[in-house]
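Number of protein chains: 4
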Amino acid sequence: MSGNTFGTLFTVTTFGESHGPAIGCVIDGCPPGMDLSEADIQPELDRRKPGTSRHVTQRQEPDTVEILSGVYQGKTTGTPIALLIRNQDQRSKDYGNITETFRPGHADFTYWSKYGIRDPRGGGRSSARLTAPVVGAAAIAKKWLKQKFGTEFKGGMSQLGEIAIPFQAWEHAAENPFFAPTADAALITQLENYMDDLRKDGDSIGAKIDVVATNVPVGLGEPIYDKLDADIAFAMMGINAVKGVEIGAGFQSVAQRGSVHGDEITPQGFVGNNAGGILGGISTGQDITVSIAIKPTSSIRTPRQSIDKDGKPVMVETFGRHDPCVGIRATPIAEAMLALVLMDHALRHRAQCGDVVSPDFFAR
Amino acid sequence: MSGNTFGTLFTVTTFGESHGPAIGCVIDGCPPGMDLSEADIQPELDRRKPGTSRHVTQRQEPDTVEILSGVYQGKTTGTPIALLIRNQDQRSKDYGNITETFRPGHADFTYWSKYGIRDPRGGGRSSARLTAPVVGAAAIAKKWLKQKFGTEFKGGMSQLGEIAIPFQAWEHAAENPFFAPTADAALITQLENYMDDLRKDGDSIGAKIDVVATNVPVGLGEPIYDKLDADIAFAMMGINAVKGVEIGAGFQSVAQRGSVHGDEITPQGFVGNNAGGILGGISTGQDITVSIAIKPTSSIRTPRQSIDKDGKPVMVETFGRHDPCVGIRATPIAEAMLALVLMDHALRHRAQCGDVVSPDFFAR
Amino acid sequence: MSGNTFGTLFTVTTFGESHGPAIGCVIDGCPPGMDLSEADIQPELDRRKPGTSRHVTQRQEPDTVEILSGVYQGKTTGTPIALLIRNQDQRSKDYGNITETFRPGHADFTYWSKYGIRDPRGGGRSSARLTAPVVGAAAIAKKWLKQKFGTEFKGGMSQLGEIAIPFQAWEHAAENPFFAPTADAALITQLENYMDDLRKDGDSIGAKIDVVATNVPVGLGEPIYDKLDADIAFAMMGINAVKGVEIGAGFQSVAQRGSVHGDEITPQGFVGNNAGGILGGISTGQDITVSIAIKPTSSIRTPRQSIDKDGKPVMVETFGRHDPCVGIRATPIAEAMLALVLMDHALRHRAQCGDVVSPDFFAR
Amino acid sequence: MSGNTFGTLFTVTTFGESHGPAIGCVIDGCPPGMDLSEADIQPELDRRKPGTSRHVTQRQEPDTVEILSGVYQGKTTGTPIALLIRNQDQRSKDYGNITETFRPGHADFTYWSKYGIRDPRGGGRSSARLTAPVVGAAAIAKKWLKQKFGTEFKGGMSQLGEIAIPFQAWEHAAENPFFAPTADAALITQLENYMDDLRKDGDSIGAKIDVVATNVPVGLGEPIYDKLDADIAFAMMGINAVKGVEIGAGFQSVAQRGSVHGDEITPQGFVGNNAGGILGGISTGQDITVSIAIKPTSSIRTPRQSIDKDGKPVMVETFGRHDPCVGIRATPIAEAMLALVLMDHALRHRAQCGDVVSPDFFAR
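Protein chains in written order, with our numbering: chain A, 1 to 364; chain B, 1 to 364; chain C, 1 to 364; chain D, 1 to 364.
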């Protein structure tokens, strides 16, 4: 209830601070009998870990995951699965005036106002580092959904600052440091130069990320409040730095006519997907398509005006290891959140309606 | 858990179908001792009720609310407040082939796929009519928040189809049928003509709605999953026909630099509000600003291809009383959802941190 | 979260006060496609309603239930089922000093202390009348469990004051006003005389009630906190006037040796049932056996010392229509609570583990 | 929802198996700003740890707790507090036929039936070892309740098998290996001889434990389902081996008359405490008194008949380190559960009603 548990039936309760002894999570509700080991989880953590290119933070964290419970002889037992990731890069550095001042764009002021105390080391609990345990948990959800329904998750960057990244194919997202779903080498170079310039300027930039789930069973989502799209919006807006969420046609729907937007249906299936795979809060069986807006990193080397705990004006300038575009590493995180939402709704669905049997309705 | 309860500490559990005997809700967790009667609730219901202009559905529903419990001698007692709204306009008409076919853009296919059964009368549970009980519940939340913190809610339409509606002042939203926050008579005429043309075409259109909460206490929001912005996104995306949600700068953040986006702080307060009043998932005390994209009404008089329950192709054409732009009546609904989120978080905050005492930090 | 919702997946949210306009509940999570009408619910309400013998309160309430939603053409749709029971016997009598004084043994002092306000009419929210909606909701659960697993619920009184009621057969519970599972006419006469004497004395008495569920599937219960027995204890202790709960051997376990208590297992099944059908918090497939202690009615005609809102001493004497033994009408309520717990756990079980397929393990 | 989280606002999510790498928990919702270190928690763990006398299991576990998060510079920050206890005594012994057979009285059969798989090492998740993390979490709750209200928790054994232990004073519970609240040396000797004889017989025995909370604020408890007594019953019945729970007069209420049971009130306070400190599900401000029945340990050296996974009859005999009376170590666990319930309800109360200000009502 204090906000550190995600999900209702497949729950992920995380703990930890950026520079504390460890981060991790407890996953409850995992169906029993599924093969599981650290080898299923580590690759997902590696996709989002820092230090993999010059365009992201140079913090070195192996993010090695240990399964503490819930698995016996290589299979899930139905009991809680605890994941532990020790923080290795706890630099006992001087945090300087960060502990006394509120960095613009950061959660410093709000945590301090809410709790009367905050852990300033590396952003404490509000650090994007805390997305690691969820990515780990989502690896378990992804595996189950894949085995059960064939569901898969893909994602990539569709815009970096002012630069649009036309979609070519999801597999290209793994071929460049930006998760850009394109094989256009010139465009990749443009993105790299853009980032290099930005770093020189000591500034940062936003990004737009798209994620998609394929082979989604029909019928997931609990109207009228825990709609599938509502829970996706909740999951996405909860990711650090996200300021906007779209499902399907998103904000383009505003200027669309009903005769254009409403996806017609034929015996072979839906004709379009303006709905983004969700109608009335329930999955249609089409691809679920989501876009998110990620704000520019708040930690920049450009001096900015702020105040300290006594309300006195100060100038704040951030040094050290920071992603100049937090959007770059956001793709695996957004995929993870989408997977957790679908996993949770798959279990919720069968609680009320019994096991999902996708109607082989359309002549696909 | 089956999705018909909104909130965690101030909960609203709704029931009812568009053409059943009644709709209503049970509100649990309301603080005791607050003056309350139907007169506090009815005006909010009247703001969103149908039949108030030629641009919205002509269904005639007085939407008269009855308080069944939780109030004694004009004061809340801390026990559940049940609201009942009898459906008066239950036309026992022939629903015709609607019961056997899936209307494009509607929840017909998904409800039927999920539950194996659906109530087709007026959209059943998926009807926008079900926003009435929440608007009623939110009237209670609004009253408490106003008394406790001075918090107020405002909203209006910022775009109708392709037509942008430049903001002038919130009070104008009550002066025209579109909730347009403008006194520009020519623009209102343009909107009216636009809607008239649309009706003649038998088509519908989308809209963009903005809502704002003012005098919000600092410190509301539960990181790291039940962030205030995450819960707002959940609430908004759960409204019928919403396809996109933005907080603060929203999708504009994508092309912003950190040196532009991050709101600087001075001893007098924040310099800007790209954050939309929320940092790290916790309210900053600034205005909370939200925008939503609403898709065009799916029920249109233009024939569209679809299928029936046997998978056979059919043409679907909707007659009767439908909003050609569901966005027109969405403003009070969006305000209501925002109020419910803030109410819930106000109670959650004081559970953990004690009563909210907004630091008189800034020299406002 | 404010305590007026029972259950997690099959939830019952109740509302109403003893003398308000209506009481009722919203049931969420009911599986779709089950035949349901008021005729399934009314008989259960009739079993617990007042005025059926001279040994219970003479309040006349038909307790007629109306289904407001969630049923279409005689079948559940998977959407919330709202039940409404109008209070007919709202005597606008003078409640006299009850409104200013705290009756011993009642919730008057605690409600007033907690909320700073209380509805004194007939006990307000704390009245046993509020068990009616749950009994109605449980009728739905019972029907589903019966159809799905053959599960049935039985119960009766095993002790009235000092008088033990030896068990003969459950069906006898329907044959006398005490729900006594005996055909011993002399014993029934003894109970009647006992009650008559008590009424003459203006006093009241406690009772012990036993309930049993048969044909329970194996595997229900969520360790290690939401154990089946823990949830049963929660449900039972939450019934008005209950002061003790036992599962299986209950307090007799204290003096039992392990070699006696632990139920041995053979290829034909368990040899005994000291466990009461639950091991490690999970159902074994045996009968679930529960006993509860019900305190004597607090409202008695004997004058008792108490205080008023100003802390001044007063004498309190209760007149009017009260059950001299609330335990007499408790059997259908205890059955109802047990049914709600099993229903909820049946849905929870299949969420995580898939549909229950009771292993045909034993050669029964 | 899968049952491994205790509480609603002050939540404890546990993980781990008896012989896995580690056990632990995540505590969410702790108020910020409280001094906290391992030194506050370790003493409570030491009270319940095994190996402290010859009358309990000789398993040697230091149960050393590590705080992984939620504390900064010695103070709670309001973020999740993770506790980790590494299992040191993981004997990689041959579990022999335990893995293939179902021990009578244990959860072996039910876990296997529910999940289709079970971790047989030391009872896996169903081991009483899993009470350690909760005891750790409760140490935090106890500290907060003590500071905030002066609330304290005491407990002890009131019956061992057939031997009643008359209460003298709580402090004596710390002076003997049975948590017996008596200074009667002859009685202690009798208990020791009783246990020695039992061990020689290879048998086990039940016990009755009483716990009490003092200085409880008035007004805790959420009617009408999340009553304080209902949640206490839930908490207590969820402890391993508990088969019965009583509040106040408990099962003695059955034979009590209303004129005896109902506690009268005077300007100086309540005259008696048959209510056990709770009326209408809400605390009265009196001591909360609870009794629980604990069944005899199921693991005994006496051979017992059972079956294996193939349904074949087998004889089961347990060797090794087991408590011959699990009740002996139950006192700190029962105190812990009571503390967690009160902590949770303290936060729930102030969510709805604001900070608890116990009315200085009585002239105490």
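Derived from the structure by calculation, the hints contain no laboratory data. Just so you know, not all the hints are guaranteed correct.
Said to hold, decoys possible - Among chain B residues calculated to face chain D with C-beta under 8 Å, some are:
(1) P50
(2) G74
(3) W112
(4) K200
(5) G202
(6) L347
(7) R350
(8) G354
(9) D355
Stated by the list, open to error - If you want the footprint, here are the derived chain C segments under chain D, 3+ residues with CB under 8 Å:
(10) 59-70
(11) 333-346
Here a beta-carbon is modelled for each residue, glycine too, at the ideal position from N, C-alpha and C.
A quick look at each hint next to the structure:
no., hint, in the structure
1, P50, "35 Å, violated"
2, G74, "19 Å, violated"
3, W112, "27 Å, violated"
4, K200, "52 Å, violated"
5, G202, "47 Å, violated"
6, L347, "4 Å, holds"
7, R350, "6 Å, holds"
8, G354, "6 Å, holds"
9, D355, "6 Å, holds"
10, 59-70, "violated (count 0)"
11, 333-346, "violated (count 0)"
In terms of the numbered hints stated before, the structure departs from hints 1, 2, 3, 4, 5, 10 and 11, listed from lowest to highest.
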